[in-house]
Structures are given as structure tokens and as C-alpha cells.
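Engineer: With chain L's structure known, arrange chain E on it following the hints.
Quick note, the sequences are listed as chains L and E, same order.
In terms of the working numbering, the first sequence has 87 at position 87, counting the first letter as 1, and numbering is strictly consecutive.
In terms of the working numbering, the second sequence has 138 at position 138, counting the first letter as 1, and numbering is strictly consecutive.
Worth flagging that the hints you see were computed from the coordinates, not collected in a lab.
The calculated SDA-like cross-link candidates involving lysine to any residue, where the alpha carbons are at most 20 Å apart (straight line), are: (1) 78/L / 6/E; (2) 78/L / 14/E; (3) 53/E / 113/L.
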Amino acid sequence: MKESHIMKIHYGTALAAVGLVAVHILMRLTQGFAQSLEYESVIANYRFLPYAGLLEIILILLSIHGFNGLRVILLELKQGRRYEKAVSYGCVAGMIGLIGYGTRTIVMTNMGMI
Amino acid sequence: MKDENKEGIGGMANPGRYGIERIAYWLMRLTGLGLLGYFIAHIYETSSILQGKMGWDEFLELTQTTEGHLFLTLVIGMCVFHTVNGIRIMLGHGGVGVGKPGRPDYPYTPASQNARHKIGIYTAIVLAAIAMMYGMAVMFGE
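So here's chain L without its partners, still in its complex pose (with noise of 0.2 Å):
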């Protein structure tokens, strides 16, 4: 893929995140910070399907946006094939990990797997 491509990815899923993160630390302020942290409440946010859906939405676009930015950082030290493709793929490959981690927390509480 294109460099600039992957930028404009980069651009995409921070402008996207941005809007959506402020409606995940908004639901934390509705109810007052400690109180919405309760496991009763937390439990309801996830199995009420469209928050669910949200928090799903901003684990893989924080989870692109952060991979992606570590591998830019990565490749602006040092350069080389081998260490390009090295640091591409180990980036892909943490991404994948933590969407898969994070999907597995947010199904399971959804469909009342706990």
C-alpha cells in the first residue's frame, strides 16, 4: 500500500476516534466518574448493543491509529528492507492481537458470557 494511503488512514481513523472517544468519556461523565465505573453499570454499558457496537468501533480505529503511529516512529530511526518489513508486520501483527483481545472482552460481556 501507498504511503500516502496509510496517512490518509492515519488521518481518518484519529478524526473519527476524536468523535467518537468524546461520546465514550461522555457516557463516564453523565452519571459521575466513580459511579459509572461500578460493575453493574459498566455491565450495562456493554450489553446495551449500540455502546457495545461503539466501544468495538473505537478498539479497531485507536487500534490502526496507535500500530500505525508506532510504525512511523519506528521507521523514522532506522531504515532498511529487512527492518521495514520486520517492524510492518510486527505492527500488523500487535494491531490484530489487540483487536482480537479487546472484541473477545466486549462479546463475551455482551452476550452475558461472564
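Structural biologist: Using the frame of chain L, we list chain E on its own:
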């Protein structure tokens, strides 16, 4: 001999030489890495809900401390700076606020390093400070 004037990464990284733009460059990377670290920790932390109420409350206890709140305040600051400075960079990459190209006359002042972008960087720092104070008021106010 040929390398005597080359400072390598150390020269590139020196934040004291090239003004606020270089500091913004470093803050953008440091806050990005910090936020990625926090994001990974947050995903791990929230997975404790799968262990039921006891597991969740145990993990929550770790974060609901003065140190935990101070750490979250730092995260808020990093998040706001990274967002505002990121928008400035996106606008700059899109050609907004970078000035018009001109003939390169001495002292070769780059048109892109102008007051508009400097104000953008300072705005990001000020907004991050305000958000940190608001975050502290919310977390410590309860």
C-alpha cells in the same frame, strides 16, 4: 574525520535547538507512545470484567487511588495535546496555514514555520493544561 560534524539521532533529537516546532515534534511522539501504552493497558484492565464483580472491583481499586487519578490526569493531558496538535499537523499537510512559497532569500526563513502554527502549538499545550485541571476537578472532586 568526515563524521565529525554529524550528530546522528542525537542531533535530530535535540529539543533545545530548533524552537517550539521541535518540542512539538517530540511531544507528539512521546504522547503518541504514552497513549498507545495506556490504550493497551486499558484494554487489559477492562478485560478483568470477565472475572466477575470481584475481579472488576479488585482491578478498579488499583486505579481509584491518588496515584491512579494523577496518572489519568496525565493521560488526559497527553490525549488533548495529541489531538489538537494532530489537527494542526493535518491542516499543515493539507496546505492550510503554511504560507505562500517565495524566493529563498537570506536568512531563509521557512514560510511554513510561521506564527499561525506556533500559536497552534501553544494552543495545544494550553488546552491540555485546562483539560488536566478539569479532569482533576472531576476525579478528586468526588
